[in-house]
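J.: Below are the chains, spelled out letter by letter.
2 protein chains.
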Amino acid sequence: MKIYNFSAGPSILPQSTIENTAEAVKNFNGIGLSILEISHRSKDFQAVIDEAVALFKELLDIPEGYSVLFLGGGASMQFCMVPYNLLEKKAAYLNTGTWASKALKEAKLFGEIVEVASSKEALFNYIPKDYTVPADADYFHITTNNTIYGTEIRKDIDSPVPLVADMSSDIFSRPLDVSKYGLIYGGAQKNLAPAGVTFVIVKEELLGKVTRPIPTMLDYRTHIKEGSMFNTPPVLPIYSAMETLRWLKGLGGLAAMEKINLEKAALLYDAIDSSKIFTGTAKEEDRSIMNVCFVMKDEYKELEPEFQKFATERGMSGIKGHRSIGGFRASIYNAMPKSGVQALVDCMKEFERNH
Amino acid sequence: MKIYNFSAGPSILPQSTIENTAEAVKNFNGIGLSILEISHRSKDFQAVIDEAVALFKELLDIPEGYSVLFLGGGASMQFCMVPYNLLEKKAAYLNTGTWASKALKEAKLFGEIVEVASSKEALFNYIPKDYTVPADADYFHITTNNTIYGTEIRKDIDSPVPLVADMSSDIFSRPLDVSKYGLIYGGAQKNLAPAGVTFVIVKEELLGKVTRPIPTMLDYRTHIKEGSMFNTPPVLPIYSAMETLRWLKGLGGLAAMEKINLEKAALLYDAIDSSKIFTGTAKEEDRSIMNVCFVMKDEYKELEPEFQKFATERGMSGIKGHRSIGGFRASIYNAMPKSGVQALVDCMKEFERNH
Ligand SMILES: Cc1ncc(COP(=O)(O)O)c(C=O)c1O
Ligand SMILES: Cc1ncc(COP(=O)(O)O)c(C=O)c1O
Ligand SMILES: [Mg+2]
Ligand SMILES: [Mg+2]
Ligand SMILES: [Mg+2]
Ligand SMILES: [Mg+2]
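Protein chains in written order, with the numbering used here: chain R, 21 to 375; chain X, 21 to 375.
Don't read these hints as lab results, they were simulated from the structure. Note that the coordinates shown come from a computational prediction; the quantities given were computed from them, not determined experimentally. Treat each hint with caution, since some may be false.
Since the list gives no way to pick one copy over another, a pair counts as held whenever it fits inside one copy or between any two copies.
[Unchecked claim] With a straight-line Cα cutoff of 30 Å, these simulated DSSO-like cross-link-like pairs (lysine-lysine) come out:
(1) K358 with K63
(2) K229 with K245
(3) K279 with K77
(4) K122 with K63
(5) K229 with K200
(6) K269 with K110
(7) K110 with K128
(8) K63 with K22
(9) K340 with K46
(10) K223 with K128
(11) K140 with K245
(12) K200 with K329
(13) K200 with K77
(14) K269 with K128
(15) K369 with K63
(16) K175 with K303
(17) K109 with K128
(18) K63 with K329
(19) K317 with K125
(20) K175 with K110
(21) K340 with K63
(22) K321 with K340
(23) K46 with K329
(24) K279 with K149
(25) K245 with K223
(26) K63 with K321
(27) K229 with K109
(28) K128 with K321
Produce the entire structure from the sequences given, and follow the hints as far as they go.
T.: As structure tokens, then:
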């Protein structure tokens with residue numbers, strides 16, 4: 021049976037990324053060594069990280085003055101690295117979910133934090149739009165895609181102060197205007213790579229302004245200076261990221277990718293909206309095209325475990341909703357083919373016919 | 021041609037680790053998904069991390085009261101995490117090389133540092149033994165194997181204060197008396213796994229004593245509480261680590277491993293000591309059994325580039341010495357078979373006969 025991976029992250033990757041990584045584990049570049057055992061200082065690996073950085077810049081059309089970094093520690097490490105490097109006195113945070121809340125909590129160790137708005141009272145089912153960012157904040161932090169709640173900020177907003185964005189779960193899902201951001205980061209384990217590498221896109225001129233001493237490994241300038249090779253980087257995850265970026269480019273880049281993502285999302289949301297038993301949890305205008313959250317309507321609520329079992333038996337893997345909202349979550353990242361979304365929709369319709 | 025990987029790290033791994041990781045990238049546990057794309061919260065991965073922790077405890081005979089963690093960021097991140105968590109006022113450091121110096125430098129951000137001894141004046145070619153650790157230090161930090169200089173502390177020393185050891189390049193090379201240590205850490209990319217995962221063995225009772233606030237991700241207690249799953253851990257590197265630990269156990273554990281390592285090291289050091297053109301750089305009594313550093317004697321010095329080429333052409337990969345001491349370095353980690361060391365020795369002898 022074909023398994024469709026709807027996991028929220030680590031999550032589905034392009035078939036070419038998986039196949040070429042498997043080959044590189046056996047014999048990297050035909051040099052007779054595994055990607056698992058090659059020196060990060062070898063010219064073969066230097067070529068990999070150089071290509072990954074170049075493809076980041078090309079696909080996202082990153083302007084001059086920004087650096088692309090590959091670090092360890094996960095997006096969660098960025099929750100403290102961002103304020104360590106950028107927060108002198110005050111920062112503004114938009115609270116749109118669990119991850120946004122965690123980022124905000126961490127920043128409180130470093131200075132005054134203004135929560136400009138929060139949708140917590142509505143279980144984060146929408147993106148607040150009516151707020152003011154203090155003009156004297158060192159930066160404004162947003163979470164563009166709220167993985168757990170299925171809401172997304174899908175346009176590049178204007179901010180009066182440097183904009184910092186956690187794009188863990190929607191980077192590369194659409195073209196970006198990077199010039200509107202001061203720093204973009206994310207765990208790469210959704211749209212890009214296996215778990216173990218974190219990407220950072222940072223506008224260099226923002227750095228070096230805080231007065232606190234910064235431990236070497238937590239200072240972005242260390243990694244900029246050494247091209248992400250101050251110490252041993254996560255070699256294999258970076259290799260796989262490069263493979264995914266090649267796949268994205270081959271597909272036609274981010275405009276082409278966005279078109280496919282919009283089609284996939286429409287297919288699934290249409291099925292939800294026209295269903296007698298399922299209903300979406302996120303406010304329509306803020307729906308994510310990456311994580312689609314839905315539950316059973318009240319009168320069918322007790323069927324949820326049955327659908328979970330039904331869908332799992334038909335190869336739908338990872339569709340259980342996050343414990344904080346329950347129901348179902350289908351993560352339809354870049355690598356999920358339209359046929360996978362169709363298979364899920366068919367499964368929902370079949371279940372519905374039976375009830 | 022068979023390639024022998026003498027790289028200092030990332031470095032050679034057991035063939036079974038490489039083959040089984042390649043298989044898991046294609047189809048993990050036969051579940052129809054790749055290890056690259058499975059959720060770290062899946063029961064299949066939970067079993068992997070549980071087994072890796074259990075094998076750590078079994079092979080190193082770790083006593084009660086210690087936790088084993090798998091983190092991101094590399095050993096270099098531990099250079100700041102250790103003082104963040106353990107240094108209230110004063111700590112003692114033994115300076116035996118580049119890595120020890122970097123650890124010491126980082127700790128200075130957090131309190132008073134006493135360098136109890138240093139072999140810097142002799143280009144770190146020996147381990148100082150005549151020093152006193154202040155009884156009021158919060159901990160004493162050592163680097164058991166100095167990867168760059170080929171010196172090693174091969175017995176568990178006694179310390180009047182909690183002993184912290186960077187064992188990046190000799191963990192699992194011999195049995196340890198873990199009870200003599202407060203904390204052991206290392207990048208796993210030498211004897212254990214591909215790059216991207218860092219191990220920490222920590223005595224829990226040492227934690228929670230410093231007064232500074234600690235960012236969540238930098239606090240060992242976060243990771244102890246969540247079993248290294250506070251956030252997404254480096255899934256594939258942990259899988260490979262588990263495979264290497266299985267291999268080690270199958271070999272008979274650390275006593276068996278040490279015996280093999282001693283034989284391999286003796287083979288290579290004997291060749292160096294009986295050579296008319298090569299000479300070792302580390303003081304005999306402090307020689308590492310993991311990284312064997314040697315140069316050409318003064319009268320043959322100009323032959324170094326020729327030997328480099330000669331050996332490379334015969335499949336010896338990664339034997340160039342670190343730029344800070346030059347010459348050659350053969351890293352003969354656990355996974356390097358005796359036949360590999362023999363191949364290098366043969367190569368040295370053949371070169372010698374030709375000159
Ligand atoms: C939006 C967002 N931010 C941060 C994180 C945390 O990432 P990591 O596990 O790499 O620390 C996640 C993980 O799912 C996420 O979805
Ligand atoms: C003894 C020792 N400590 C620390 C490090 C740094 O490790 P990482 O690159 O994982 O930060 C190394 C790397 O070679 C090492 O050999
Ligand atoms: Mg969220
Ligand atoms: Mg290294
Ligand atoms: Mg060293
Ligand atoms: Mg995650």
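J.: So, against the hints stated earlier in the document, which numbers end up violated here?
T.: Checked against the structure, the hints that fail are numbers 6, 12, 14, 19, 28, while the rest are satisfied.
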